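Build the full structure now, drawing on both the sequences and the hints.
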Amino acid sequence: MIDRYIILPIIAQMFTAVLLIFFWRKVVVQRIISVLGSLVVLVLSIGLFSKTWHWGYLVMQAGNWKAPFGITFVSDAFSSTMVLLTGFSGLAVSMYSTVGISRQRIQYGFFPIFHFLLLGLNGAFLAGDIFNLYVWFEVIIISSFVLMTLGGKKPQVEGGIKYVTLNLLASVMFLTAIAILYGLTGSLNMADLSLKMATIHNKGLIGVTGLLFFIGFGIKSAVFPLYFWLPSSYHTPPSAIAAIFGGLLTKVGIYALIRVYTLIFIPDTFTKNIFLIIASLTLLTGAFGALTKRNMRMMFSYLIVCHIGYLLGGLGMYTTLALAGTIFYLIHDIIVKTTLFLVSGLIYKIRGTMNMDELGGLYEDYPKLSLLMAIVFFSLVGIPPLSGFWPKIYLFRETFTTHSWYLLVAMILASLLTLYVIAKMWGDVFWKKKPAIEKSTDDFAAMNWRSKFMLVAPIALLVFISLYIGFCAERINVLSERIANDLLHPKPYIEAVMGPKEIISPQSN
Amino acid sequence: MELLLLILVGVLYATGIFMMLRRSMVKLLIGLILLGNGANMLIFLLGGITRGKPPIIGDADKVLTGIYADPVPQSLILTAIVISFGLQSFAIVLLKRVHALIQTDDLNDLNTPDTSI
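Read top to bottom, the protein sequences are chains A and B. Numbering of the first sequence is given in our numbering, commencing with residue 9 and proceeding in unit increments. Numbering of the second sequence is given in our numbering, commencing with residue 87 and proceeding in unit increments.
By construction, these hints were calculated from the structure, which means they are not laboratory data. Errors might be hidden in some of the hints.
If you anchor each label on the Cβ, the simulated ranges turn out as follows [what the hints assert, rightly or not]: (1) A:GLY215 - B:PRO157: 40 to 46 Å; (2) A:ILE274 - B:LEU89: 32 to 38 Å; (3) A:ARG405 - B:PRO157: 46 to 52 Å; (4) B:LYS139 - A:GLY215: 29 to 35 Å; (5) B:VAL179 - A:ALA465: 45 to 51 Å; (6) B:GLN189 - A:ALA454: 50 to 56 Å; (7) B:SER175 - A:TYR13: 33 to 39 Å; (8) A:GLN115 - B:SER110: 30 to 36 Å; (9) B:ALA186 - A:ARG405: 51 to 57 Å; (10) A:THR300 - B:LEU94: 43 to 49 Å; (11) B:SER175 - A:PRO443: 45 to 51 Å.
Using 27 Å as the maximum straight-line C-alpha spacing, the simulated BS3-like pairs for lysine-lysine come out as follows [as the list claims (entries may be wrong)]: (12) B:LYS113 - A:LYS170; (13) A:LYS74 - B:LYS182; (14) B:LYS182 - A:LYS161; (15) A:LYS441 - A:LYS301; (16) A:LYS170 - B:LYS139; (17) B:LYS139 - B:LYS182; (18) A:LYS441 - A:LYS376; (19) A:LYS460 - A:LYS441; (20) A:LYS204 - A:LYS301; (21) A:LYS441 - A:LYS59; (22) A:LYS432 - A:LYS376; (23) A:LYS204 - A:LYS280; (24) A:LYS211 - A:LYS280; (25) B:LYS139 - A:LYS74; (26) A:LYS460 - A:LYS440; (27) A:LYS204 - A:LYS499; (28) A:LYS400 - A:LYS432; (29) A:LYS301 - A:LYS162; (30) B:LYS182 - A:LYS162; (31) A:LYS460 - A:LYS442; (32) B:LYS139 - A:LYS162; (33) A:LYS161 - B:LYS148; (34) A:LYS204 - B:LYS139.
Please read these numbers as outputs of a predicted model, since none were measured by experiment. Here a beta-carbon is modelled for each residue, glycine too, at the ideal position from N, C-alpha and C.
In structure tokens form, the structure reads like this:
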């Protein structure tokens, strides 16, 4: 169905960002506008989701240029779910940032850039055109560069260099792949590409192009040999920024990978095997990396890498149920990883350090807050009935039907190591006696109730969503199975974009 | 013409990646710029090169007929150039900032985030 509603979450985000620029130095006004803007975007995203759920596909052709010529925006169940999750994470991080980001950083333009980042994310999820997707990726990375280095502390800019270099390299790879794809097919519209791919005889070149996309998106989503930038940069910016990065930036790479590999390239056995092997190695290296770190946020960064392996593994198995598991895991992971970094920021506010050797006694001082955090950690590990448990059932089951035994071993090991790492962290940070070397500057206790509310409420919101995912898993199952079905049977998607049965050639008209 | 451009693209990619693998930050930056230019040339090349046939519809015709130069790659390259211009200027400022902070050009010295707890 042709509908202009699809553009609203993007426009609203852009409007918020531009409006914020006008209040460059006014910190309080910026905080209010940001939270209100995020709220509006969330409401619009919910609207988009329910409309998409009802109609199946929403399509907008920019400037009314018919599909293969103009720029297309498409919202199917997958994209609208991602936009919805971006809306929730965006609102939570925006609320948290009102207190969690220092006045100085806000005066350097934190909020406008943050909203430009969310704009890029929404755009990337809704783009129906591969070059348009590239442009949105650039919007995302340039905003993330600024957020990563905002404040200009030494570790921040040093981590920033690695982050910037690898992301620029990923963009070049992505652009190269687009160039070859355009040379092969003469089209950029993803639905059109899907049709034209079948007519290309040079299968070898198609495979190579696909792998170029995989390298480009793989760097962005931090898969096995390409992830080193992530653990050395994600722990340097403030927690609110790390939360939006950890929750969404790696996931947008996975989103693009799933989109490209279900719509344009259909993976053959060779590609699937590559995915499975890389997924297993990502799971293991991420988990082992997390074992070695004593800094909470560095450990969480490695856990991001580790859990990307589940997503990639699901794509590598390439059955409906495995993809459904991937989608479910994606939904769970976005919410939980965002919360995880917000929690680490809160702990930093309370104790003034991230080093687990210097932390301790948190359960004694803040029992209620600790319980809230415990839910996050448990659902990260995947303890039933919390949200991390259900997608793993899908993924584990599908390893049996597809006989990918080494992936199964890697997944079990990664789960076990995640449990071990989180249990050790819980013991150190919450149950251990507070070490005597404590600087004991509790910023959190000194705050007024409004600041405290703004720090805890977003965590509570995300924990509530995570609990909803866990306890109403049946509904998320229905959603993710529908998405997986849509992805593996892209005919309705193509018809929605290209118009039913309409053959468009340059000579018509 | 295609062969010349092909070699040029290859040289740009190769030198770009070689420069990125050096330890100096400035060379890293030059590598990124070369790679970006290589990608742009590749789009231009793969769009198909047609000489002296602009995509302009004559007064008598309704649609383009025969062979004509594809305008899409040029608009893609234009977009890509603008984007890479922005990104490269950001990268230059960042490198300058890092240099001001740590007083060295060697990438091996950039290990504060990995070693600090």
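Worksheet item: Of the hints stated earlier, which fail here?
Response: Of the numbered hints, 1, 5, 6, 13, 16, 17, 20, 21, 32 and 33 do not hold.
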